[in-house]
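Undergrad: Sequence:
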Amino acid sequence: MITATAARGTTARGTATRATAPRGTMPLAGHMREARRRAIRAAVSLLVGIAIGFALSDQILDILRAPVEELALSREASLNFETVTGAFDLELRIALFAGVIVSSPVWLRELFAYLTPGLTRREKKYVYGFSAAAAPLFVAGCMFGFTIFPRMVSVLAGFSSDEDSTILNASYYVDFVMKIVLATGIAFVLPAVLVMLNCLGILSAHRLRSSWRLSVVTIALFSALVTPAADVLSMFLVALPMATLFGAAIVITEVHDRRAARRALTPSKPELTSCSD
Numbered sequence: 001m002i003t004a005t006a007a008r009g010t011t012a013r014g015t016a017t018r019a020t021a022p023r024g025t026m027p028l029a030g031h032m033r034e035a036r037r038r039a040i041r042a043a044v045s046l047l048v049g050i051a052i053g054f055a056l057s058d059q060i061l062d063i064l065r066a067p068v069e070e071l072a073l074s075r076e077a078s079l080n081f082e083t084v085t086g087a088f089d090l091e092l093r094i095a096l097f098a099g100v101i102v103s104s105p106v107w108l109r110e111l112f113a114y115l116t117p118g119l120t121r122r123e124k125k126y127v128y129g130f131s132a133a134a135a136p137l138f139v140a141g142c143m144f145g146f147t148i149f150p151r152m153v154s155v156l157a158g159f160s161s162d163e164d165s166t167i168l169n170a171s172y173y174v175d176f177v178m179k180i181v182l183a184t185g186i187a188f189v190l191p192a193v194l195v196m197l198n199c200l201g202i203l204s205a206h207r208l209r210s211s212w213r214l215s216v217v218t219i220a221l222f223s224a225l226v227t228p229a230a231d232v233l234s235m236f237l238v239a240l241p242m243a244t245l246f247g248a249a250i251v252i253t254e255v256h257d258r259r260a261a262r263r264a265l266t267p268s269k270p271e272l273t274s275c276s277d
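Sequential numbering from 1 applies to the sequence shown in our numbering.
Simulated from the structure, these hints should not be mistaken for lab results.
So the derived label-pair ranges between C-beta atoms look like this:
#: 1; residue 1: Asp162; residue 2: Ser104; range: 38 to 44 Å
#: 2; residue 1: Ala260; residue 2: Glu91; range: 50 to 56 Å
#: 3; residue 1: Leu225; residue 2: Ala72; range: 26 to 32 Å
#: 4; residue 1: Ala264; residue 2: Ala55; range: 51 to 57 Å
Everything numeric in this text was worked out from a predicted model, so none of it was measured.
Here a beta-carbon is modelled for each residue, glycine too, at the ideal position from N, C-alpha and C.
With the hints as extra help, turn the sequences into a complete structure.
TA: Next comes the structure, spelled out in structure tokens:
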């Protein structure tokens, strides 16, 4: 009798455990299937983006070639390919770069859709807010890089005499432009990263404000690295928006920390206790 009762109790507890198991859990095999499905979608979108980039590679190369053509008005200047397959390899590289940018809304969505179920509601809010701010900032930074790179090319090429010929390796030239574009795009996103770290409680506004001197020096060094050393105007044009975004990040983190401090000082409502307590 005791054994049967214990067995029934064990069965009941097992049923209760299964019934009270947290919803939304997924076994490892399910996670792998979910990751594979979303990776396939991201890969397909990337292939479509690369195809679009390959179709537009000639137009993109025309934009990149414009400063060289302007330079050719005053001296002999041209883009050159060292190998027979150099032009095709360059088009593939441009197509890959453009494909990553074109397909970014899809593969970023798949990435966040896979990661966000494991986050808390508060963390999801911050991640979505960071994504909404980072995307336009990155695009604005890339567009800013496209705006300033012709001046950098003209200044750097201006160190040679007008009697000299400027023969540029096409692959190196495109890599130079892409580095500038990506560097400015990432630099514009960094203030959004600082704000997200502050919202997650990792970085305080006081610490960010007290390190403003180091931040200014870092911005100046970064601007000097991505711009010609002799072109002070281009350096200033790069440093000014970065410093403005850093100042905006300080203001936002100050407001967030003050609100958090006021909420901490606000007394909570006393909980009702029973008489038996």
